[in-house]
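Asks: Next come the chains, spelled out residue by residue.
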Amino acid sequence: MTRSAEVQRRIYALMVLMKAADDRLSKGIGTGEFICVYWPSRGQEAIAAAMGISLRRDDQLVTTYRGLHDLIGKGVPLEEIYGEMMGRTLGASRGKGGTMHIANPEAGVMLSTGIVGAGPPVGVGLAMAAKRKGLDRVTVVSFGVGATTTGSFHEAANMAALWDLPVVFVCQNNLYAEMTPTRDTMKLEHVADRAAGYGMPGVRVDGNDPLAVATALDEALNKARHGDGPTFVECVTFRFRGHYFGDRMRYIPKDQLDSALAADPVPRFRAHLLDTGVATDEELTRVEAVAAQQVETALQTVMSADAPSIDELDRDVYATPIRFPV
Amino acid sequence: MADFVVRIPRVSVAVSEAELVELLVDGGQHVEEGAPIYVIATEKVEQEIEAGASGTVQWTGEVGTTYDIGAPIGVITA
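Here the protein sequences line up with chains V and E, keeping their order.
Residues in the first sequence are numbered from 1 upward in steps of one, following our numbering.
Residues in the second sequence are numbered from 1 upward in steps of one, following our numbering.
Since the hints were derived computationally from the structure, they do not count as laboratory data.
A virtual CB, placed ideally from N, CA and C, is assigned to each residue, including glycine.
Heads up, a few of these hints could be off.
[Said to hold, decoys possible] Capping the alpha-carbon separation at 25 Å, the derived lysine-lysine pairs in PhoX-like fashion look like this: (1) 44/E - 187/V; (2) 131/V - 223/V; (3) 27/V - 223/V; (4) 254/V - 44/E; (5) 96/V - 27/V; (6) 133/V - 254/V.
[What the hints assert, rightly or not] Non-contacting residues of chain V with respect to chain E, defined by C-beta distances greater than 12 Å in every case (computed): (7) 29; (8) 203; (9) 228; (10) 243; (11) 271.
Taking the hints into account, I'd like the entire structure generated from these sequences.
Replies: So this is what it looks like as structure tokens:
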């Protein structure tokens, strides 16, 4: 499918915003400017940008702790993301949840989970609710390769297929489950082959090509939206900064990292836009400057915001905290 | 631009303190953002830390001392 120039430029704008947001965190933590824990998504931007243009606002997303890019793609304001990561009142969960627990139902982000494999059953529940309510929204569950080896994934995939639920399983296969290479955790070479075991289609795409990802997603979303059940989409990619920030990545062979860096989706898509005449170098440079400025503004806003007060502690935790000991 | 306070970074998830083992730039010298300016040791691993801003660096931290994460050890004045 051919995408309009406008859509392609939107994809690039999302990708550079995701990259700039990740780069700024890395720089700020690394130089001691601020303290925060995060699981970098640098390198996986093409997948999240494709989700950003393919999903409707009312479609729902369940992501993971490595979710900075996914959250930006789905439209969560940067201040809410950074604010949550740094424990400030303007965070998506008012600073109580941290990097692992960012949700923004208005943007359709229902959950970020800190537990590998915990997202798929929740996504299936959301999809079941949409079906019961007669809504045509789709739930996308985003997770890594490690999640597909958990029992919870098996239960979720089986039920979603059995009941034709409107859910799309998006596996961002960055070739590692935390510090373990995929080949040490599964006999299959292609994760998408797992889908056949549940009776749902499994497709494998170049996760560094946002247009390829968007094409696969559109097909899966359309199918789910029309009652034809789930699809498993494997997007093959890489993460450049390891499992968590500060990960020295000694377990990654140098040649593998080098070739992954050479396939960096951001400069690759930039070159594509220039080669195909979709945008000029000047236009793209401006997009990059705007993204960097947007990130800096969000960061400064967050840094000057307060940490949550003690009164915030029980809020949103129990609906009616009656007879609870104070 | 405001002064950039040089603080001990949290370079890894489980780290709570770090030893300042070497200053790579003398106090009063100019540093460029992104250039390594000092070395810390955590969990028996040494790591160079980059300048978070460009300007003249002045040190308040002492080599050989262990600091909590976030402790100020110097300032970079633009």
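Asks: None of the hints should be skipped; say for each whether it holds.
Replies: Going down the list of hints, with the structure as the test:
In summary, the hint linking residue 44/E to residue 187/V is not supported, as the alpha carbons are separated by about 37 Å, beyond the 25 Å threshold. Distance hint between residue 131/V and residue 223/V is fulfilled; the C-alpha atoms sit about 13 Å from each other, no more than 25 Å. Of the pairs offered as hints, the one joining residue 27/V and residue 223/V is violated, with about 42 Å between alpha carbons and a cut-off of 25 Å exceeded. Restraint check for residue 254/V and residue 44/E: satisfied, since their Cα atoms lie roughly 23 Å apart, inside the 25 Å limit.
Distance hint between residue 96/V and residue 27/V is fulfilled; the C-alpha atoms sit about 24 Å from each other, no more than 25 Å. A distance of roughly 51 Å separates the Cα atoms of residue 133/V and residue 254/V; the hinted pair therefore is violated under the 25 Å criterion. Listed as outside the interface, residue 29/V is inconsistent with that label: its C-beta sits roughly 6 Å from the nearest C-beta of chain E, within the 12 Å cut-off. For residue 203/V, the shortest C-beta to C-beta distance to chain E comes to about 34 Å, beyond the 12 Å cut-off, and the non-interface label holds.
Every Cβ of chain E is farther than 12 Å from the Cβ of residue 228/V; the closest lies at roughly 42 Å, confirming the non-interface assignment. Against chain E, the non-interface label of residue 243/V is violated: not every CB pair exceeds 12 Å, the least being about 9 Å. Residue-level check passed: residue 271/V sits 25 Å from the nearest beta carbon of chain E, beyond 12 Å.
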